[in-house]
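Colleague: In the UniProt record's numbering, the protein residues as written are 1 to 384.
No wet-lab data here; the hints were simulated from the structure. Since no wrong hints were added, every one of them can be taken at face value.
No farther apart than 25 Å at their CA atoms in a straight line, the calculated lysine to any residue pairs in the SDA-like style are these:
#1 Lys221 x Arg179
#2 Lys252 x Arg284
#3 Lys201 x Gln336
Computed from a predicted structure; not experimentally measured.
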Amino acid sequence: MLFTADHDEPRRILQRFIQSDINPHVDEWENAGIFPAHELFKKLGDLGFLGLNKPVEYGGQGLDYSYALMMAEELGAINCGGVPMAIGVQTDMATPALARFGSDELRKEFLAPSIAGDYVACIGVSEPGAGSDVAGIKTTAKSDGDDYVISGGKMWITNGTQADWICLLCNTGEGPVHRNKSLICVPMKTKGVTIARKLDKLGMRSSDTAQIYFDEVRVPKRNRIGEEGKGFTYQMVQFQEERLWGAAACLKAHEKTIQNTIEYTRGRKAFGKPLLDNQVIHFRLAELQTEVELLRSLVYRAAEALVAGEDVTQLATMAKLKAGRLGREIPDACLQFWGGMGFMNETLVSRSYRDSRLTAIGGGADEVMLGILCKMNGTLPGKA
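Given the sequences, and given the hints that come with them, work out the whole structure.
Modeller: Given below as structure tokens:
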């Protein structure tokens, strides 16, 4: 069993926090195009939620991954996608490699304050010409004595305008593309780091997203996470957790969209009867709820295997793929049943329609997930 009675109390604490400290402000943050990350993360850090499965010696709770997954699922109760995504970047994208492979000195400097909520973190992988193609990044960190000198740029960086540091993937050698990259912790106030612009997005409006340039940025080599040239490998390892996190965060969000649609169509009458009484609507909503429950079963199975120490690349990839598909299917189907009101920004279903679209792109596009699965199945041309 993935969850036990030990998960109940942290789950209740997080549920109460979402209802008291997040959801009342979501509309304001959505309109502003940003939320106060330092303020919110500090509250989450004080409650222990930014380091559930991180080492206790750096302020974490030292729990297994099931607690992180529980948190991801509960964050789906937030009335937008941007805030959960930003929290997930802090807990499951920017810090896992540092927690696993970073030196003690590096973890004290960057991990501990990130767990405490004193630092906001971001992850720098994607570039204008390299999104899902991680191996194709062009940002370089050239060796100069005891330092690296970094040049290049990153795109679509969640938390980018507010972050204190970035976990940066860049090329540190001239060898094969899968063995020439390293992860480096770069303070955002370092000379040469420029936030070029805050990006204007279709959805995830409350999450600040930046394009960032690095112009001869000098950082000490001790800021490198683990071994030089292992950055691509470290990134692939943490993709298992990142993709499971993304799938888990969809579950309650989709259930909320379906439930809101049930309530609306039950109260909205057309042609003399509630919309919900139309078989095409109540049958479709039942089908969509079944899809969510099937995704939950896959996510839980993968998480149980991960906690047991198994490689869950295949299951996590399947979960991410299915989450991406449902991120389009569920909000689209539900919005249709809202009619004209579904097209209004004031309704949560329209926000879900915009926010959920990213699930099929971020963290590896659907097509990349299919490529991974075909390679594992021995059906990818030339890769058997």
